[in-house]
Amino acid sequence: MDSTLTRIAAPFPLTHTLLFNHPHSSPSLICFFSRRTHSKRLFNSNCKLVSSKRNAHDDNVVLDEKAYEAERLRLDAQARDSMAETSKREMETSSEDDPKAWKWVIRKRIWDLMEARNIAQNPRPVHHRIPNFVGASAAAKMLSGLEVFLEASCVKVNPDSPQKQVRFLTLSGGKKLLTPQPRLRTGFFSILESHMLSPSTINEACTSVGVAKNGRPIGLDEKIKVDLIVIGSVAVDPKTGARLGKGEGFAELEYGMLRYMGAIDDSTPVVTSVHDCQLVEDIPVEKLLIHDVPVDIICTPDQVIFTNTNIPKPQGIYWDKLSPEKLAQIRILRELKSRIERETGQKLPCGPSEKLPPTAQRKRK
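310 is the number of the first residue of the sequence shown in this note's numbering; add one for each residue after it.
By construction, these hints were calculated from the structure, which means they are not laboratory data. Careful, some of the hints might be misleading.
Straight-line distance between alpha carbons at most 35 Å, and here's what the computed DSBU-like set of lysine-lysine pairs gives [claimed, not checked]:
1) K548 / K622
2) K646 / K417
3) K622 / K596
4) K630 / K532
5) K409 / K450
6) K656 / K622
Note that this is a predicted model, so its numbers are computed, not measured.
Could you put the whole structure together from the sequences, leaning on the hints where they help?
In structure tokens, the structure reads:
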């Protein structure tokens, strides 16, 4: 068996099409999704099926956990190195009004502060990450007491370290956990439910390896309703709900795809858990981009803040914001775009080129 194993959702065949026009975009910005379930498969680095067998519940796959985690850490390190180069270049060459430069200034200030004050928790350094922090579990406990959490049946939680306890409380509370594949690198989302796990494996299921072992991959055709979104942040403004992530835009893509699936809408609450030092007041709302996701509620180790944000939430995927390089990295977006173009006979717009974090090279026909 190949020592490097990566699990991805199977490509989805088209059965019929639903079309959506973005209300604030040109008529060509259309998205669709098919109506058919996906199967799970285990692939090696050349995307060949390695091993799978079915039991009464679901597909069981043999996963080389050490190799999987080593490859994930290697790719994440490459991505952080590339983002560090990008942030340095954009801060040095861009003006203060540039939509990217000012964000990097705020991010760097928060990352530096957390390290200097030893607020940061492993993995460290926290630069170019959604930073883990002292009191992350306390913030998660605050979040778990929210009415919107208690009433939620399905919670979408980001895969980062500071939200691990949120994922644990979601599963241990008998809720359905929806979590994305890291950087959407190998698929889309995975669903985990407590009945799929034993009490001893719930904690493991909150990790990337645990998701690979125990999660059920889904595609854009999945019929699902998400009741609450938990999102990681580098900085967030408690007065406006404006939020900055680590700069790669995956939270926005995840939100946009869920929006197109009909899994969420404007009323779906967005919550973030952060340290109090990550609360800022200098995120200029007027400089936010159309795809930036604001937050409704902020949970810190010491307080819960309802932002009453009036920043519009994204309505879907903004193809004119996606660079060719990023599109090339995310298989599910690439397939989606090509099928939209075939169905509509129209070429979807594409964003400007940019240098992006490298991912594993996989050959697909």
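Hints, one by one, checked against the model:
1. A distance of roughly 16 Å separates the Cα atoms of K548 and K622; the hinted pair therefore holds under the 35 Å criterion.
2. The straight-line distance between the Cα atoms of K646 and K417 is roughly 34 Å, inside the 35 Å bound, and the hint therefore holds.
3. Among the hinted pairs, K622 with K596 is consistent with the structure: their alpha-carbon atoms are about 15 Å apart, no more than 35 Å.
4. Taken as a hint, the K630 and K532 pair is honoured in the structure, with Cα atoms around 27 Å apart against an allowance of 35 Å.
5. At roughly 33 Å between alpha-carbon atoms, K409 and K450 fall within 35 Å of each other, so this suggested pair holds.
6. Between the alpha carbons of K656 and K622 the distance comes to roughly 26 Å, so the proposed pair stays at or under 35 Å and holds.
When held up to the earlier numbered hints, the structure conflicts with none and fits them all.
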